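2 protein chains.
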Amino acid sequence: MNDHNLAKPVAAIISTGDELVTGRTVDTNATFIAERLGAIGIEVCSVITVGDYPDRIVWAWQHSLAHADVVISTGGLGPTADDLTSESVARVAGTQLKLDQSEAERIRQHFQKVGRPMPENNLKQALFPIGAEIVPNKLGTAAGYRLVVPMNERRPVAVVLPGVPREMKAMLEDQVIPWLLQQAPEDRCTLSRTFQTFGMSESALDEALEGAIDPSKGRLSFRASFPQVSVRVTVTDTRTDAEHRLDGLAQIVRERLGAAVIAEGETTMEEVVGKLLREHRRTLTVAESCSGGLVGNRITNVPGSSDYFVGGVIAYSNELKQRLLGVQERTLTTHGAVSEETAREMALGARRATGADLGIATTGIAGPDGGTAEKPVGTVAIALAADGLDDGVRSRVYRLWGNREWVKLLTSQVALDWVRRYLLGLDPLTSVFGMRGRKR
Amino acid sequence: MNDHNLAKPVAAIISTGDELVTGRTVDTNATFIAERLGAIGIEVCSVITVGDYPDRIVWAWQHSLAHADVVISTGGLGPTADDLTSESVARVAGTQLKLDQSEAERIRQHFQKVGRPMPENNLKQALFPIGAEIVPNKLGTAAGYRLVVPMNERRPVAVVLPGVPREMKAMLEDQVIPWLLQQAPEDRCTLSRTFQTFGMSESALDEALEGAIDPSKGRLSFRASFPQVSVRVTVTDTRTDAEHRLDGLAQIVRERLGAAVIAEGETTMEEVVGKLLREHRRTLTVAESCSGGLVGNRITNVPGSSDYFVGGVIAYSNELKQRLLGVQERTLTTHGAVSEETAREMALGARRATGADLGIATTGIAGPDGGTAEKPVGTVAIALAADGLDDGVRSRVYRLWGNREWVKLLTSQVALDWVRRYLLGLDPLTSVFGMRGRKR
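Line by line, the protein sequences are chains L and X.
If you're matching positions, the first sequence starts at 1266 in the working numbering and goes up one per residue.
If you're matching positions, the second sequence starts at 1266 in the working numbering and goes up one per residue.
Just so you know, the hints here were simulated from the structure itself, not pulled from any lab data.
None of the hints are false.
If chains are identical, the list can't say which one is meant, so a pair holds when it fits in one copy or spans any two.
Taking lysine to aspartate or glutamate and the DMTMM-like style, the derived pairs with C-alpha atoms no more than 20 Å apart in a straight line are:
{"no.": "1", "residue 1": "Lys1378", "residue 2": "Glu1670"}
{"no.": "2", "residue 1": "Lys1640", "residue 2": "Glu1605"}
{"no.": "3", "residue 1": "Lys1640", "residue 2": "Glu1606"}
{"no.": "4", "residue 1": "Lys1403", "residue 2": "Glu1670"}
{"no.": "5", "residue 1": "Lys1482", "residue 2": "Asp1506"}
{"no.": "6", "residue 1": "Lys1378", "residue 2": "Asp1634"}
{"no.": "7", "residue 1": "Lys1389", "residue 2": "Asp1471"}
{"no.": "8", "residue 1": "Lys1482", "residue 2": "Asp1452"}
{"no.": "9", "residue 1": "Lys1482", "residue 2": "Glu1472"}
{"no.": "10", "residue 1": "Lys1389", "residue 2": "Glu1472"}
{"no.": "11", "residue 1": "Lys1378", "residue 2": "Glu1639"}
{"no.": "12", "residue 1": "Lys1482", "residue 2": "Glu1508"}
{"no.": "13", "residue 1": "Lys1389", "residue 2": "Glu1467"}
{"no.": "14", "residue 1": "Lys1540", "residue 2": "Glu1529"}
{"no.": "15", "residue 1": "Lys1378", "residue 2": "Glu1467"}
{"no.": "16", "residue 1": "Lys1403", "residue 2": "Asp1439"}
If you're wondering where the values come from, they're calculated on a predicted model, not measured in any experiment.
Bound-form chain L, shown alone:
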């Protein structure tokens, strides 16, 4: 295999697991790793996915190590008989597995801490190929490792990580990426900055940023992580020049994308909203119909959210909209449950019932049933009640799309974006996502 510039390191990815070759799980790990490697200037030349069979795993490793300088694998590090990655790596490297006492102890302690007996087979997770440098896993029992695997004249490195996305991501970000950056020639460094955006599609972002960055100065990459799209700017240069240039390019991105940028770094919408509520010393309540608790769930995913989130009402039935939020029966019969009028009364009612400063309400048709010609699936009304708005409340009907979970997720995202825009002093209606018949 050729086609790559030999001055730059080249990576290969291996994903292991029956669930990946039987169509039960989409391999998002490989995508995540590829994007992170690309951002530090390492090209991925192949991704090989195999099921849990020793010969196939060995095959994948042999062919990946044959052309890549670094091979990153995920999966097959569990405690069960079908977890075969370490045996296979040892076989390819011509070495043996050996018990690491301190990892064994860590696993024992983990089970002690959670108060469950440790199944004896869990000790398998403390077996590593001789020569491996352990990559600790702070979030689970499966530690990873790095291992140099001599191949003819070359010394490619195997990086072995668990398949649980949360654990893999933390280990990649905190340990593997920094290690890879250390391997680069000393005077070169690769820096990147990420912007989280909401309200523009990938192609709209692409257009907005067209010509913004000279390809010889920096690279732009996008990653859609519905409903947000992250934009990353990467530069490679000497340390001083790289930092300076990155600052300049980041400023261009900020200017071009405006309020569509919700945060820099890996921040979530709910974290941004939480930070703004805290800064402005406001409290929030929710009145959720079609989102069914998702807005509250997202807000409370942020540590410390009890400082600004009081709770709220999941008013799924019309009866509960009346009983707990004081929505008028006439409003429901005249305008329907999915209407700006109902959403407004829900938002105002939630403020009244809880005493919070801001009340955000959602009511819509998440589907797949319940749509009509006038109000098809995806029709969602959002309302925000807060001081300083005309009549104390703002509302709008959106036409969202996708399946039930997407409609719910988009609804929660738009609702949170309304709170964000309000706290930034913007009109919530500037949240452009899903607006029909309007361009900005």
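Given chain L's structure and the hints, the job is docking chain X onto it.
Then chain X, alone, in the frame of chain L:
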């Protein structure tokens, strides 16, 4: 590469495209194809993904054809210079590309129909390796094809499809799958059954199933999709024998795992709970503190959940626990918000406020802050109020683990499992996950 029964056809998948190895796009095509092949008993032994480089595409084809009977590829059939699949396939097959007049005509007509001039390079899409059987594309300009590629003694078949998911899916379903079924020896088939479990770890399941299934008769595989673990049993045999044997093995799994099996197939806990509520004609409400809306969110992910879910209260602050659920101030001051006593009053209060048949309550410390020596992070009280329970309510304190989102997710899962067990006529306290301490 080995590990496969040569009596069965084995497939390999190739996904081609820079967007796949730079992390810009998740490869859902491979997952779709793998699932469809698995369903007709064709095992996928590898998926290889490469960018748009001729040598890499050739490499992927050579290695895939070397071990698979059928290689299905997507991508690289467009009209531009970086669409290189057909050149590469021709190179691997040792043949040339040749213009197909009728495809060229179809492409010309397509452009005429949409009223755009045809860029000359679009004719590239009418070039096929000599010997290819065209697989028409009704939805786009890129036709696919099948080609026998002699490899030593073997005659594996290359199936080349475009990368646009909509076009690929239609061609796979309407043309490739029927063709594959025609090729299969009539008497062989692979069948599998999946069980969703909750309450046992992957290794505890492994232990519980040890020796249950003779490896020559069937294969067990596990997939942890926190907080559930799915167990799959697969058999390959003649159709009659396979079905019969699978029934027997499935029965063994059911018996060994008991109530830890929440469903068969790809069902979620919330679907199981919804189905039971519907069958028993009961309605549900929630009173969520530490889960923050997650229980409601999960329940409402199921289409039609408005038939049995009325909504509820996210009682995040103590004030809301009192205002909306009628929790006594004395209970909060004496026992604390995270206590069985508070959970019980929340569950009873939610039933009272909403009129639902079942009320499930959660209150706990999701962390990372707020833990004490007596009530560390992960301490969660669950209560279920329903007819037929002593005093109309059952409760328990759990010690859960993990980070904030895990504690919330586990809390919601245990809460749903309580509803499930109650509706099955079991004591909710038989939900074994994370059990600690006293019973009540």
